[in-house]
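So the protein lines, in turn, are chains A and B. All residue numbers for the first sequence refer to the numbering used here, where the first residue is 13 and numbers rise by one. All residue numbers for the second sequence refer to the numbering used here, where the first residue is 221 and numbers rise by one.
Please keep in mind that the hints were generated in silico from the structure rather than gathered at the bench. This one's a predicted model, so the numbers in the text were calculated from it and none came from an experiment. Just so you know, not all the hints are guaranteed correct.
Stretches of chain B that chain A covers, calculated by requiring three or more beta carbons in the stretch to come under 8 Å of a beta carbon on chain A [said to hold, decoys possible]:
#1 230–239
#2 242–249
Label pairs and their computed distance ranges (CB to CB) [as the list claims (entries may be wrong)]:
#3 B:G243 x A:F137: 19 to 27 Å
#4 B:G243 x A:S225: 30 to 38 Å
#5 A:H102 x B:I240: 24 to 32 Å
#6 B:W229 x A:G144: 34 to 42 Å
#7 A:H102 x B:V241: 42 to 50 Å
#8 A:N210 x B:T247: 18 to 26 Å
#9 B:G243 x A:Y36: 38 to 46 Å
If you want a taste of the chain A side facing chain B, the calculated C-beta under 8 Å gives, among others [stated by the list, open to error]:
#10 N30
#11 L32
#12 F56
Built from N, CA and C at the ideal position, the CB exists for glycine as well.
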Amino acid sequence: MHWLTASSFIILALTGLNMLYGKYVLPSIIGKSAFASLTMFGKFAHDWIAWAFILGIILMFFSWVRHNIPNMVDIRWLLAGGGMFSKGVHPPAKRFNAGQKIIFWLVIVGGASLSGSGLALLFPFEIEMFAGTFKVMNQFGTNFPTELSPIQETQYALMWHGIMGLVMIAIVIAHIYIGSVGMEGAFDAVGTGQVDINWAKEHHNLWVQDMESMDESAVAPNRPTD
Amino acid sequence: MGERWRSMWMGTIAAVVIAIVAGVVMTEMNNSSAEKFSTSSTRL
Chain A
13 MHWLTASSFI ILALTGLNML YGKYVLPSII GKSAFASLTM FGKFAHDWIA
63 WAFILGIILM FFSWVRHNIP NMVDIRWLLA GGGMFSKGVH PPAKRFNAGQ
113 KIIFWLVIVG GASLSGSGLA LLFPFEIEMF AGTFKVMNQF GTNFPTELSP
163 IQETQYALMW HGIMGLVMIA IVIAHIYIGS VGMEGAFDAV GTGQVDINWA
213 KEHHNLWVQD MESMDESAVA PNRPTD
Chain B
221 MGERWRSMWM GTIAAVVIAI VAGVVMTEMN NSSAEKFSTS STRL
């Protein structure tokens, strides 16, 4: 589920960046003809893999939303800086710490926004979201236009999709850093789906307590993270 | 080492399979040439 979404996102990011900036960089490196072919296939890949990404974020939402509701534990975790600025400090955390919950909600909200504007670009004239969105926003004092022609809808969708894409790429780069080299044991957790019990007690002690109170006999040297 | 990457490959393959299915569906949705270039068609 994580990798369905992550792999899709990487392909979407690379093909999307190529559509935005490729023409300024690649033709002088690989030639105009190769760039044209690459971009043509890249656009098809972008349009088709988008569906895998949409499915991934839907699955992730329903699987993990109950573990990502903010609570007081998260406030204390954030006030301790996640232990990142103090040696040997591991503030208490449940299955997902506050940093992970922030990433979850950014991916869900950002991914949904990208998906909505992307669908509007895949089906122009048929899916138009900005007029309705502006009507709702105008109730809070803004003065956005609410009568939009199809071409204006598409222009807004294109602009928003590009902006959100770049924002999500920046967020995901930070997520990839922390999930791989920035945090010891993090990649093993997402790669194998399991963590060492002592690692879990150190970084997610409240989750281990919950699991132990549910079933004493279920605690084994390696517990599945899912 | 293989175990760490297994789920990554499974997810990636699932994404590619879904993309191919989506591509086939979206391509089949295309109209005939006459319909595609008709002014009544809004598909790009």
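Each hint tested on the structure:
no., hint, verdict
1, 230–239, "holds (count 8)"
2, 242–249, "holds (count 3)"
3, B:G243 x A:F137: 19 to 27 Å, "holds (22 Å)"
4, B:G243 x A:S225: 30 to 38 Å, "violated (48 Å)"
5, A:H102 x B:I240: 24 to 32 Å, "violated (44 Å)"
6, B:W229 x A:G144: 34 to 42 Å, "holds (41 Å)"
7, A:H102 x B:V241: 42 to 50 Å, "holds (44 Å)"
8, A:N210 x B:T247: 18 to 26 Å, "violated (52 Å)"
9, B:G243 x A:Y36: 38 to 46 Å, "violated (28 Å)"
10, N30, "violated (17 Å)"
11, L32, "violated (19 Å)"
12, F56, "holds (7 Å)"
Of the hints listed earlier, those the structure fails to meet are numbers 4, 5, 8, 9, 10, 11, in rising order.
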